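Novice: Given the sequences, and given the hints that come with them, work out the whole structure.
Protein chains: 2
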Amino acid sequence: MSFYSLDMMLSALTEYNPLMPTDQFMPWLRTRREAHRFTIEQIRFRDLKDWFFEPSSGNLSHCTGRFFKIEGIWVETNYGCTARWSQPIIHQPEIGILGIIIKRVRGVLYFLMQAKMEPGNLNMVQLAPTVQATRSNFTQVHKGLKPRYLEYFLDGSRSRVVVDILQSEQGARFLRKRNRNIVIEIEDEIKVGDDFCWLTLGQIKNLILMDNIINMDARTVLSCIPFGDRGIENMEYGEAVSRAMSAGSRHTEGATVVYNAFCVQLFKSALRTAVSVHATEDIISWFTDLKFRYILEVERIPLKHVHEWVKTDEAIVHRDGRYFSVIAARVEADSREVPAWSQPLVKPREEGVVAFIVKPIDGVLHFLVQAKVEAGNFDVVEMAPTVQCLTGSYRQVPHSSRPPFLDYVLQARPEQVRHRTMQSEEGGRFLNEQNLNIIVEADEAFPEQEPEHYRWMTLNQLQNFIKYNNFVNVQARCLLSCLSFRNE
Amino acid sequence: MSFYSLDMMLSALTEYNPLMPTDQFMPWLRTRREAHRFTIEQIRFRDLKDWFFEPSSGNLSHCTGRFFKIEGIWVETNYGCTARWSQPIIHQPEIGILGIIIKRVRGVLYFLMQAKMEPGNLNMVQLAPTVQATRSNFTQVHKGLKPRYLEYFLDGSRSRVVVDILQSEQGARFLRKRNRNIVIEIEDEIKVGDDFCWLTLGQIKNLILMDNIINMDARTVLSCIPFGDRGIENMEYGEAVSRAMSAGSRHTEGATVVYNAFCVQLFKSALRTAVSVHATEDIISWFTDLKFRYILEVERIPLKHVHEWVKTDEAIVHRDGRYFSVIAARVEADSREVPAWSQPLVKPREEGVVAFIVKPIDGVLHFLVQAKVEAGNFDVVEMAPTVQCLTGSYRQVPHSSRPPFLDYVLQARPEQVRHRTMQSEEGGRFLNEQNLNIIVEADEAFPEQEPEHYRWMTLNQLQNFIKYNNFVNVQARCLLSCLSFRNE
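Heads up: the protein sequence lines correspond to chains Z and P, in order. Under our numbering, the first residue of the first sequence is numbered 1, with each subsequent residue one higher. Under our numbering, the first residue of the second sequence is numbered 489, with each subsequent residue one higher.
Honestly, I wouldn't trust all of these hints.
Just some of the chain P residues that point at chain Z, by a computed CB distance under 8 Å [what the hints assert, rightly or not]:
#: 1; residue: Ile-583
#: 2; residue: Arg-646
#: 3; residue: Val-649
#: 4; residue: Asp-652
#: 5; residue: Ile-653
#: 6; residue: Leu-654
#: 7; residue: Ser-773
#: 8; residue: Leu-778
#: 9; residue: Lys-779
#: 10; residue: Phe-780
#: 11; residue: Tyr-782
#: 12; residue: Lys-955
Calculated directly from the structure, the hints in this document are not laboratory data. If you're wondering where the values come from, they're calculated on a predicted model, not measured in any experiment. In this text, a Cβ means the ideal position worked out from N, Cα and C, and glycines have one as well.
Specialist: This is the structure:
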């Protein structure tokens, strides 16, 4: 690894791309959607092929014992208002690979992205990392094709590692699930498959401004790319900003890059030299204290021992219809490693909201980060967005007991909204799940004083915590990936 | 937190202490040993008071369900040569506090240390942190006295936090056990109890040069203190070294401070600006890859289902007499929260070895760090010393199959040995356990090329990984605490 920060910034500021001109991307994606036949239909559990409820436990498992299982957990905690409960959860102890190949062409880094079908995807095909594979995939349990380009990630001699970190998945749905988020640079010539294309980071960032185009796996990998360290760590604000911006202007080939005040703020916040409200050691101490105080005991139990959940022929549902349900689906897709299969999927009750509130403090943009305990967390507490309501039915809750800052975010004036899209969760496990992703700049009146479970952090601090695994949760990471350093 | 690095360095270089002159410390410690009556005797399990074998599981538990339990684990892994085994393990899900209070007196930081009796201690009394308490201690399950000075750690308003990190304990003996390692600075006048004294870091470092004086809990807390960051991060080597050293000389009150070449090397290695063989991101990638490749499945099982271990009236032993045994002891100690009690203790088979090999590479001292999988690890792999043989009977193993680098360390010439002491493990759980702690400087011929599970790191990189929890294991941390920046 060498000095990637400026290179990444340059790619993020570049939209000109002779390999895939921006105006040709959506037609290309449409072609990919039309090139393959995809169907998905909900079926009864008994019609699942190769999946069955284990007689002794009631767990929903694959006949090989691989992929994932729907099991139960029993939770006891002193965090929040529910002291103990049981729930179904996805248990998938394997670490998967979410990998992006990048390549330098005439000084600019390009990302090899895949138009990938997942059964739960809205629009069926979204833009995914180069490789997205569970261990069961690439050890070929299902006897299908090996994922393309996988060999670059398994054989380190063919590439240079840029990012390589284990990152968590949704703690409310998965039990301590983690994936390897990896970005590698290659120099080889590489044959670009029909479902693949090279994009600049700037193009990808623009596509995240649209609903449900860039899938969750791509967003989490992108969030691990550091902008503020290595190579620009010793520069002053002004110098770093102007160097990045002049680099950006050079690569627009004629078009004018307009940097609004927010982008400049954002960039400053990404630099290591940014002055922060809290020292990193103080944030670690805050986190240590929360892990010390909150007890989270999670015990795996047989699915049939889960209380308050009911199994019908077609779904496992909460008795009051809350949270999510588990259903079964049959999928046909001629573009995947195996052409047809059936599998369980998790279907959310309704859309959720994930939001960051940001605010310039002492001239540097800060993010209001929430410490959140979730049952499936690897280490009790993770750093979450300011607002994260995924599984609840927050609309029906009276204002007085709604999550902190939710109303502030939903009632933000248009000029405060820095980002607002609908983004999908992982389509391999979740059926048509999308959540409102929103970044709101606080107004002057918004207090700098933090509630107990919240801390203001710079983007550089967040990116540093992302570098060490198990700090920043998947919702926060994916929302950070929506940040764009150019905004016209 | 503000700029502590130079302050810590200054304290580490200071031996002059009007509060506890160096030549009075050992007599004082002897007084403390003699001031109290301590007895420990091994008893039969049936004579344990308040501890019993649970009928259904065979687990050895306290009647309140608190403190700790001796349970079983079943382990499956693809690391090492044993693919599956079961063993007894200490299960103690509570996070304890290991806390040191420091105070600035005429510009120098002093550490409040406690002469503390633990039943398993060699010499019965060793020097401990100010507070060493499990949650059961300070929620007073045993209805004894509250640990002294605890209130400073529970009420943040009375102190300034210097270090506050969760750190792991022995992965071969404890199941995912962690403690809060915390150092706080106070300004209050504080009444110093009879068993307590103020020492400079330099005095403590000198005491670590003697066998079994500074207990394990103190050593792990001391290892968390950063020397190379904050306040000196932007200085050049020469400037930082000479500033620290001239500060050291000022505070010896007449005595000459001699810095040998190794101390200067060590100090350079502690600085953030030290040039390292591997970028930190590359080390994280190496660790990610190991966590990805090594499967470690650990399941809690009833103690009575553990294979190859036998329970007698007096001990739980491995059928071949290997590893360790679990025994019962009755303790009387008038200096503790409760005057008499009985408890299980873990008794090691024999002494072990922990060793770092260090080597200057490109002018900067590097430590050869081992990635080690242990069953009780919180996250599969932790960074261990170059050599760590605790539970094995390494002397009986033929040379060809002995752990890497063990022979090199044991056969090092005297002029290569930078540190060599016997140090104790935690006397609250382990009976008379001591291990050889040794730091060896590699000779010219020692290869820079690393085996797969080893990486060269600077002291600054190690201290950075210590800052984020669950990277550096307790043996490595304690061995690092033995490093002294002055060496006459």
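Novice: Against each hint, give a clear statement of whether it holds in the structure.
Specialist: Against the structure, the hints come out as follows:
no.: 1; hint: Ile-583; in the structure: holds, 5 Å
no.: 2; hint: Arg-646; in the structure: violated, 15 Å
no.: 3; hint: Val-649; in the structure: holds, 5 Å
no.: 4; hint: Asp-652; in the structure: holds, 4 Å
no.: 5; hint: Ile-653; in the structure: holds, 6 Å
no.: 6; hint: Leu-654; in the structure: holds, 5 Å
no.: 7; hint: Ser-773; in the structure: holds, 4 Å
no.: 8; hint: Leu-778; in the structure: violated, 10 Å
no.: 9; hint: Lys-779; in the structure: holds, 6 Å
no.: 10; hint: Phe-780; in the structure: holds, 5 Å
no.: 11; hint: Tyr-782; in the structure: violated, 10 Å
no.: 12; hint: Lys-955; in the structure: holds, 7 Å
Checked against the numbered hints above, the structure violates hints 2, 8, 11; every other hint is satisfied.
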